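**Q** All chains, full assembly: derive it from the sequences and hints.
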Amino acid sequence: MALKSSNNSFFNKKNYYSSIIFIFFFNFLITAQNETNPWLFFVGTNAVDTFPTGGIGAGDLFEEFSNLDHWNIAPYPSTIGVKKYIDAGFSFGTRFSLNKITSYGEKIASDNYYNVDGVITYNLGKVFNSMSFMPFLEIGGGYVIFDEQGAGYFNLGAGIEYWFGEKKKTAIILESLYKNTGETYAIKHFQHMIGLAFLFGGEPDTDGDGILDKDDNCPEIPGLATFNGCPDTDGDGIQDSQDDCPQIPGLIQYNGCPDTDGDGIPDKDDVCPEVPGLVKFSGCPDTDGDGIQDSEDKCPEVFGLIENEGCPKMTEKVKDRLEKIEQLILFETDQDILTEEALISLEEVYSILIQYPNLNIIVEGHTDDTGGVNYNQELSEKRVATVLRFLIKRGISSSKIKSAAYGETRPLRTNSTSEGRRYNRRVQFNINE
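Letter 146 of the sequence shown, counting from 1, is numbered 146 in the working numbering, and no numbers are missing.
Rather than coming from a laboratory, the hints here were simulated on the basis of the structure.
One should not assume that every hint holds.
[Unchecked claim] Computed beta-carbon distance windows for the label pairs:
id, residue 1, residue 2, range
1, N374, E348, 47 to 55 Å
2, F90, F200, 17 to 25 Å
3, L343, S399, 21 to 29 Å
Predicted model only: the values in this text are computed from it and were never measured.
Idealized CB from N, CA, C, for every residue including glycine.
**A** Shown next as structure tokens:
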């Protein structure tokens, strides 16, 4: 960027760069404009450009607008101003600038420049829902002196504020103004400004939450107006001081604590917070309603007895029935395929195992003495496997079933008659105590 030379030692390149360094150093030494902080002070540097204005002897409006060779840049501090917040985003203020004009477009010059303005600013920060980047529009009027000739001007401009720091009380401001005049002898021009602004005045707001300390019940912790300046960290509508679980959104009826499983027991008191349960079991379930919580119930889905660890006690009638079923799980000679009658009986076995989840059984396979010993042993094993597949496929755990195959060694009846051999081709069930 080429700066115009000047005989005035204050307006030279070295001082310009020093001023920019000063701006960015100064912003760390100072701590957006509103009712709480109504006053804004601005200090910065300015540049005057007379070329892209459509005036006599100048270029068209906005022609070569960004050509820095046309800019007359004054070092810092060459602009100061003050504004006071009024209401609804509007501020009113005044500003003073000085510069050294070394060129009017392509024409070399050496004129002093003085300017004082009155301004009305409308901040668009709320429109864009931003607390850091805040665009603004500006309108106003002022008086400008080029060398020794002065005139009144109408100003129209726009800019952006960048507020930083924990309390957002310091900003870097960029702004461009178009200055027009009705006087034919006066010079239309753009004025660009960059500088630092900071807020002051008003009553203290220590935590920067927009609520004055005198109205803030928690003046050192940012909070909400709803709670007179006190925080609601988890955003559940219950202020932290009344919230038993201030870091986790919860319900009013549980003093701000959640009830994830909806069982009426807040999570902080619920041993099983993700499964609906009962108060007497600290929020843990008793699925079968037998008065034994699931974690201590060996049969949690079947109503049982406390003395039987939550499982139902098998009656003698059921035991007898299970033992008699062995006479119904019969097979054809030399076969391991279940008959229709056998399937009906296995359904009954399945029902008993479901009714008594703690029941463990032994499945035994047998044959008659038709065929060799080794063959019959293998056949009895196949018959056991057929029954096991049926029960496991229906959902009975393999851990509840043991098996044994005895071939022809344990006949139930005599093998000397066809009727006896028929009953020996069987699978029988024994309770595994």
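**Q** If a hint holds in the structure, say so; if it does not, say that too.
**A** Here is what the structure says about each hint:
no.	hint	verdict
1	N374 - E348: 47 to 55 Å	33 Å, violated
2	F90 - F200: 17 to 25 Å	19 Å, holds
3	L343 - S399: 21 to 29 Å	24 Å, holds
When each numbered hint is compared with the structure, a violation occurs for hint 1 only.
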